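Protein chains in written order, with my numbering: chain A, 408 to 481; chain B, 221 to 582; chain C, 1346 to 1688.
It is worth saying that the hints were derived from the structure and are not from the lab. Bear in mind that the values here come from a model prediction, so they are computed numbers and not experimental data. Errors might be hidden in some of the hints.
To be verified - For lysine to any residue, the following SDA-like pairs were computed, each having C-alpha atoms within a straight-line distance of at most 25 Å:
| id | chain 1 | residue 1 | chain 2 | residue 2 |
| --- | --- | --- | --- | --- |
| 1 | B | K332 | C | T1412 |
| 2 | B | K272 | C | Q1672 |
| 3 | B | K272 | B | M300 |
| 4 | B | K477 | A | E442 |
Said to hold, decoys possible - One side of the interface only, derived from the structure: several residues of chain B facing chain A at Cβ under 10 Å:
| id | residue |
| --- | --- |
| 5 | T255 |
| 6 | V304 |
| 7 | G474 |
| 8 | A498 |
| 9 | P500 |
To be verified - Estimated spans, in silico, between C-beta atoms of each pair:
| id | chain 1 | residue 1 | chain 2 | residue 2 | range |
| --- | --- | --- | --- | --- | --- |
| 10 | B | E557 | C | P1661 | 18 to 26 Å |
| 11 | B | V403 | C | A1497 | 42 to 50 Å |
| 12 | A | P441 | B | V374 | 17 to 25 Å |
| 13 | C | P1661 | B | K222 | 39 to 47 Å |
| 14 | B | K222 | C | D1407 | 46 to 54 Å |
| 15 | A | E422 | C | P1515 | 37 to 45 Å |
| 16 | B | M300 | A | L475 | 55 to 63 Å |
| 17 | B | P301 | C | P1661 | 51 to 59 Å |
C-beta atoms are modelled at their ideal positions from N, C-alpha and C, and glycine is treated no differently.
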Amino acid sequence: MCLAVPMLVERIDGEMAQVRLGDVTRDIAMTLAPEAKVGDYVLVHAGFAIEVVDREYAEETLRLLEQLEGPVYQ
Amino acid sequence: MKLVDEFRSPQAVRALSERILAKDGTWRFMEVCGTHTMAIARFGLKELLAGKVRFLSGPGCPVCVTSAHDLDLLIAVAGMPGVVLTTFGDMLRVPGSRTSLEQARAKGAEVKIIYSPLEALELAREHRDKQVVMAGVGFETTAPVVAGTLQMAVAEGLDNFYVFSAHKVIPPAMEALLRLGEVRVNGFICPGHVSAIIGTHPYEPIAGGFGVPCVISGFEPVDVLQTVLMLIEMSEAGRPEVRVQYRRGVREDGNPKARAVMDAVFELADAEWRGFGAIPASGLVLRPEYAAHDALKVFDPRVESAEEPAGCSCGDVLRGITEPEDCPLFGSYCTPENPVGPCMVSSEGSCAAAYRYGGREQ
Amino acid sequence: MSEHPADSLVSMAHGAGGEASARLVRDVFMRSFGGAVLGRMEDSARLQLALSAGEKLAMTTDSYVVTPIFFPGGDIGKLAICGTVNDLSMVGARPQYITCGFILEEGFSLDSLERLVASMSATAAEVGVEIVAGDTKVVGRGAADGVFINTAGMGIIPAGVEIAADAARPGDLVAVSGTVGEHGAAILAAREGFRLGEALVSDCAPLWDLVRSLIYAGVRPAVLRDPTRGGLAAVLNEIAAASGVAVRVREADVPLSEAVRGACEILGLDPWFLACEGRMVAFLRPEDGDLFLEICQAHPLGAGAAIIGRVEVERPGRVVLEGAYGQRRPLTMPAGEPLPRIC
């Protein structure tokens, strides 16, 4: 129901920020995820950052997949 | 595309599906969220896991569960003089009981497609002579975005910006579904982006009370397959719990800031769901302090009561008891070009996904 | 240099056939287009057209109503010439003559008109096609959206060139001349004001030079089609139906720019339904595949060329997209215009 894509925060300007996915950039509102910093990835839905992507967990999921031994959750 | 392509890796998809296919038994999981329905169709996951896992679509397509009556009201507002109705593209072709926003636009209503409510705000700012109405449709992911936009409008003193709220919340619909007792599932694939806002706790009554395992999932194929494997392993262990596969996007406590914005603007109310009827405390209406921006109050649209189109099985499809291809209208009277029911309209609707991505041969 | 004040607008008088009309034709159209045939200002273009044995005449017409009129990568004028040239090129015809009719809305800016006429002229010159006839009408405010352009094009198909929509055979390769979906994505973003950055640019370009290079190098395409409205999906379905064959496309082999991929993820669009205005789909006999790629890749408009699929026997009329995990799904005709979704 809710399309949101991870986009890289390139610039923050008050309550707005410029984010990037592929070669596409877009200005979005940061009011719902004010803790995001330049260099973070944020989940963007309808022009708002709704959450900061936790890179450690992203990498952990990928590491887990490389091994695929044992249960897939901890 | 970073954080997207990695989670589409063919090697990981193959390894995960092999693990799933090696499991004993067969499994039925409901993907609550329409974006999951879409991802499952787009990446062919039904086919990959055929014979082992059946995916059932749930009530999580907001345009699909918007009642015909609410749509009729929205269309009535769109037709009022001086009104510019701004809407997400998903809503444009959804049929109400008589017509759709697209047809209303053809008859002269000003309907503007937006990607973000911020564009609606900009319209209101640039056209102070117009009444700009934002069609607020969506679940807990979208409601804070619309709420945040309304707060900006108020802060700027834009008294020509209004919200028509048909927003809904997900957990009550999941519980209502289980209470109906029609659908048997071994687990829920829970919506990742709703959960990014609400966190894990609202699902606890479902896992604890109804004994149905819940895994909050991301939307890439690797995410969904890992979720399936987690659900199977949890069932095998006989421990229905709420777990998070989508840990890169979902904190246990969700996003308190976004919830605070949503709660400041909206309050819970009973709501009518297509296919379900009324579900207590499942809708979001504007709080009284925002009455001056509440399109329903300000424009007070009146329409006759609406009936669902004859022969349409959308209600059963939305409750997971009928598959799209079993509807007598599917693919003949009801196609994405000429939709009868809402599930054929939004590309995340289960009928549209089944039609476009061809679950079964038509 | 313009003959009119910078902020002049089209008025009803410009279409009334009097002094203002004559001035518009002279100062705007003749100044840019001004070929020998058009310069005679007669009711019809008189053309000497001698066909050699085996040559055929190709004719086409199209109307252009794009919004916005100026978009990243082009404008309605360039698009009108490219679209007409490309339609001729897709049957292997060397574009010779083009006519253009303008429907102008009262109040349209003369500066804008001049700009898009200049861009038509430049594109026509690039291709070597002559604009030989034209017409202008002005309609009242609200009866059109700025400017509409209708064109007709005439070209000559060289002897021995046989390119037809029903000529695809099982075993043929399916190729594209470059990344797909750029025009559709750029127009949608520009029209709706989605502001997705500067990388989203229309691919609008005349394809004749590329088609000519292919034909002269000895490539004998069975079918050529430019995937405009409805994108790759519509074109493949049309050819599958016309030729009575099935088409299988490998999703991972369809070239996409990072801008289109990003826009599709954000807006929830499928790139298969997005229009191109400077790309073609080619159905090739298997032995022509390597030469097609070689010629395309040496040409500025074909750098991204790729073989994306194959023609099959079973289930004629169907187009199947094969995903990265071996999954297959039908690629259907698009249902209406692509709409962004949040769900």
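Evaluation of the provided hints:
| no. | hint | result |
| --- | --- | --- |
| 1 | K332(B) <-> T1412(C) | holds (14 Å) |
| 2 | K272(B) <-> Q1672(C) | holds (16 Å) |
| 3 | K272(B) <-> M300(B) | violated (52 Å) |
| 4 | K477(B) <-> E442(A) | holds (10 Å) |
| 5 | T255 | holds (6 Å) |
| 6 | V304 | violated (18 Å) |
| 7 | G474 | holds (8 Å) |
| 8 | A498 | violated (20 Å) |
| 9 | P500 | violated (21 Å) |
| 10 | E557(B) <-> P1661(C): 18 to 26 Å | holds (22 Å) |
| 11 | V403(B) <-> A1497(C): 42 to 50 Å | violated (59 Å) |
| 12 | P441(A) <-> V374(B): 17 to 25 Å | holds (19 Å) |
| 13 | P1661(C) <-> K222(B): 39 to 47 Å | holds (42 Å) |
| 14 | K222(B) <-> D1407(C): 46 to 54 Å | violated (41 Å) |
| 15 | E422(A) <-> P1515(C): 37 to 45 Å | violated (59 Å) |
| 16 | M300(B) <-> L475(A): 55 to 63 Å | holds (58 Å) |
| 17 | P301(B) <-> P1661(C): 51 to 59 Å | holds (53 Å) |
In summary, the structure is inconsistent with hints 3, 6, 8, 9, 11, 14 and 15 from the numbered list given earlier, while agreeing with the others.
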